[in-house]
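Peer 1: Sequences and hints are given; from them, build the entire structure.
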Amino acid sequence: MAATTLLLLSLLLLSCCHLAKPQTRYNKFTSSQDDLAACLTDAGIHNFSLYDTPSYYSALNVSIQNLRFVGPTIRKPVAIVIPSSQLHLKNAILCMRTMSLKIRLRSGGHSYEGLSYTAEESSTPFAVIDLMNLNKIQIDLTSQTAWVEAGATLGELYYAISESSRSLAFSAGSCPTVGSGGHIAGGGFGLLSRKYGLAADNVIDAVLIDPSGRVMNRTGMSEDLFWAIRGGGGGNWGAVYSWHVQLVPVPDKVSAFVLNRHGSVQFVAELVNIWQSVAPFLPDEFYLSAFVGAGLPECNQTGTISVTFKGLYLGPKQEALRILERRFPQIGMLDLNVQEMSWIESVLFFSGLPNGSSVSDLKNRALHSKTFFKAKSDYVQVPISKEGLIGAINFLSQEPKAYVILDPYGGVMDRVGSSDLPFPHRKGNLYSVQYMIEWTAKDDPKRKYYMNWIRFLYNYMQDYVSKNPRAAFVNYLDLDLGKNGAGPEIMQGYDPTEDARAWGERYFMGNYDRLVRVKTAVDPYNVFSNAQSVPPDFGLWSEKVKTQVTEEKISLQVARGELADS
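All the letters of the sequence shown, read from the start, carry residue numbers -22 to -1, 1 to 544 under mature numbering (1 follows the signal peptide of the UniProt record, and there is no 0).
If you are wondering where the hints come from, they were derived from the structure by calculation, not from laboratory data.
Incorrect hints may appear among the rest.
As the list claims (entries may be wrong) - Pairwise CB distance ranges (calculated):
no., residue 1, residue 2, range
1, E141, G334, 19 to 25 angstroms
2, E99, D313, 44 to 50 angstroms
3, G49, E303, 48 to 54 angstroms
4, F434, S336, 37 to 43 angstroms
5, D13, N278, 57 to 63 angstroms
6, S397, Q440, 21 to 27 angstroms
7, D13, N111, 19 to 25 angstroms
8, V40, P227, 31 to 37 angstroms
9, N278, D491, 49 to 55 angstroms
10, A16, V40, 23 to 29 angstroms
Stated by the list, open to error - Okay, derived cross-link-like pairs now, DMTMM-like style, lysine to aspartate or glutamate, Cα gap no bigger than 20 angstroms in a straight line:
no., residue 1, residue 2
11, K114, E91
12, K231, E99
13, K445, E483
14, K364, E248
15, K364, E483
16, K295, E248
17, K426, D183
18, K405, E483
19, K461, D441
20, K348, E99
21, K231, E297
22, K461, E91
23, K379, E276
24, K405, D262
25, K379, D392
26, K231, E248
27, K379, E323
28, K231, E91
29, K295, D339
30, K341, E323
31, K461, E483
32, K445, D515
All C-beta atoms, glycine included, are put in the ideal place defined by N, C-alpha and C.
Peer 2: In structure tokens form, the structure reads like this:
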């Protein structure tokens, strides 16, 4: 790309977006907050909070799940808008565009790096659209599908399904307070994924509102765009208002267990070594994960290194026991360790909600505990040597606040192409590794130590995981992999698409360039953006796109009273 062309296009982008260097921690923008409030009010939107209003912090903090991003030094939005209809969502986007604000979308607030509600130090002023009130769910038993508004949590979705049918489920994650919008947008792995694939694999339609306020379903958007929204990461392409998902059959009774084994580093390493040669090759109906750490809640020996196996089998208890006895006798599974229950009861069983919670509590957004944490991810394609496992588990034995989650792949995950959706981690991946370290407020003075500790473990693992690139899961966002540059850097010949390749190819591998092309076509202004959103390629701006950008700028300057009202 010619440097001159890039500079001219960069200047055009900057002039269109009115980039201004923020002067405060809340990203003060040049347009009046009163103008934004008036625009929203005229559009029929009344549930919003500006930075200087009493309701601001309660609206901002209610969905923040990682307490690392609560504090005075965190760059904050100028406003939080909570729409309650598709029209409100559309008009919120248009109002923010007239104010030259970048837009963040928040569904459940579980972004590991807080990217749905924070910004980098030198970023453009931004506002948050919180989708929490867009949580309606419609189940169609005839087609065995559901329409799910993007603000619905997984727990709300699972509960709604169970109220309509005991023989249907949805393949997605186990944490009930995770928002469906961001979860599905990143792929969405869960306990049914070896049998039925990712959440994104089961999306058959969607309603999207693009940066210009156009509302479109699958037939109204390009197939490239429909491909991109299913696994290409949240907050990139526009606002998904709702997902149309395929529900999947489950038996009346499933088998579930949580089994902890503790002992020496060598003992735990031996069990994990066997696990990695078994779990990815079990029947598709069998999910068997492993959690390894020195502070696991299932271990009754404080400070002892242990492994917790969590298993779900879509079948009767005796079948599950026979499979384990044949394939993994070393686990020492007993009849009393396995429980039969309905699928929705298994969702509660694995939910992490407090003891004594009921199935109806899956709808409660506030029950899940919040902590400070840092996470990273990897993929294992060749079994880790026994020596490698001993080394990693020895590290874990020294820090009880850290643990790893090993999620088995295989099954149907091996039978979906790596480019069928943006999520590329399919055949050839035995399991994923999620590195996690958590701490409480009283330990937060040691934050730097904890974050460096988990990075040290991650660095140790580099010889044992995928390479060229070292892959990562976009649902487990990790800013250590790289960040998009701030606006002013563009003025210095900075190429955002090449800069983002450092992390983009780790999340999306060979699908990254196609995602860039989609982004350039649908959001050339980069309105929906964050520190790890897919950037547009200014070098791909055709004359048509340049014209679209100019016309869009003019259309967004119309009087507030002309905002869409139908």
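Peer 1: Now tell me, hint by hint, if it's right for this structure.
Peer 2: Verification of the supplied hints:
1. Taking 19 to 25 angstroms as the suggested C-beta distance range, the pair E141 and G334 conforms, at roughly 21 angstroms.
2. About 57 angstroms separates the C-beta atoms of E99 and D313, a value inconsistent with the hinted range of 44 to 50 angstroms.
3. As the Cβ distance of G49 to E303 is approximately 51 angstroms, the hint placing it in 48 to 54 angstroms holds.
4. For F434 paired with S336, a C-beta distance near 41 angstroms keeps the hint of 37 to 43 angstroms intact.
5. Look at D13 against N278: about 60 angstroms separates their beta carbons, and that is inside 57 to 63 angstroms.
6. The hint said 21 to 27 angstroms for the Cβ distance between S397 and Q440, and at roughly 26 angstroms that hint holds.
7. In this structure, D13 and N111 meet the distance hint of 19 to 25 angstroms, their C-beta atoms being roughly 24 angstroms apart.
8. Checking the proposed 31 to 37 angstroms range against V40 and P227 shows it holds: the Cβ atoms sit about 36 angstroms from each other.
9. The supplied range of 49 to 55 angstroms is met by N278 and D491, whose beta-carbon atoms lie about 51 angstroms from each other.
10. Between A16 and V40 the beta carbon distance is about 25 angstroms. The supplied range of 23 to 29 angstroms therefore holds.
11. For the given pair, K114 sits about 27 angstroms from E91 by alpha-carbon distance, which is inconsistent with the 20 angstroms threshold.
12. Taken as a hint, the K231 and E99 pair is broken in the structure, with Cα atoms around 51 angstroms apart against an allowance of 20 angstroms.
13. For a cut-off of 20 angstroms, the pair hint linking K445 to E483 stands: about 11 angstroms separates their Cα positions.
14. At most 20 angstroms may separate the alpha-carbon atoms for a hinted pair to count; K364 and E248 meet this at roughly 7 angstroms.
15. At roughly 30 angstroms between alpha-carbon atoms, K364 and E483 are farther apart than 20 angstroms, so this suggested pair is violated.
16. For the given pair, K295 sits about 26 angstroms from E248 by alpha-carbon distance, which is inconsistent with the 20 angstroms threshold.
17. Restraint check for K426 and D183: not satisfied, since their Cα atoms lie roughly 43 angstroms apart, outside the 20 angstroms limit.
18. Restraint check for K405 and E483: satisfied, since their Cα atoms lie roughly 17 angstroms apart, inside the 20 angstroms limit.
19. A C-alpha spacing of about 24 angstroms is found between K461 and D441, which places the hinted pair above 20 angstroms, so the restraint is violated.
20. Restraint check: the Cα-Cα separation between K348 and E99 comes to about 25 angstroms, which exceeds 20 angstroms; the hinted pair is violated.
21. Restraint check for K231 and E297: satisfied, since their Cα atoms lie roughly 12 angstroms apart, inside the 20 angstroms limit.
22. The straight-line distance between the Cα atoms of K461 and E91 is roughly 11 angstroms, inside the 20 angstroms bound, and the hint therefore holds.
23. At most 20 angstroms may separate the alpha-carbon atoms for a hinted pair to count; K379 and E276 meet this at roughly 14 angstroms.
24. For the hint linking K405 to D262, the alpha-carbon distance of about 14 angstroms falls within 20 angstroms, and the restraint holds.
25. A hinted pair counts as satisfied when its Cα atoms are at most 20 angstroms apart, and K379 with D392 does not qualify at roughly 33 angstroms.
26. Between K231 and E248 the CA atoms are separated by roughly 32 angstroms; this puts the pair beyond 20 angstroms, and the hint is violated.
27. About 29 angstroms separates the Cα atoms of K379 and E323, which puts this hinted pair outside 20 angstroms; it is violated.
28. At most 20 angstroms may separate the alpha-carbon atoms for a hinted pair to count; K231 and E91 exceed this at roughly 37 angstroms.
29. A hinted pair counts as satisfied when its Cα atoms are at most 20 angstroms apart, and K295 with D339 does not qualify at roughly 26 angstroms.
30. Between the alpha carbons of K341 and E323 the distance comes to roughly 14 angstroms, so the proposed pair stays at or under 20 angstroms and holds.
31. A distance of roughly 13 angstroms separates the Cα atoms of K461 and E483; the hinted pair therefore holds under the 20 angstroms criterion.
32. Under the criterion of a C-alpha separation no larger than 20 angstroms, the hint pairing K445 with D515 is inconsistent with the structure, at around 26 angstroms.
Checked against the numbered hints above, the structure violates hints 2, 11, 12, 15, 16, 17, 19, 20, 25, 26, 27, 28, 29 and 32; every other hint is satisfied.
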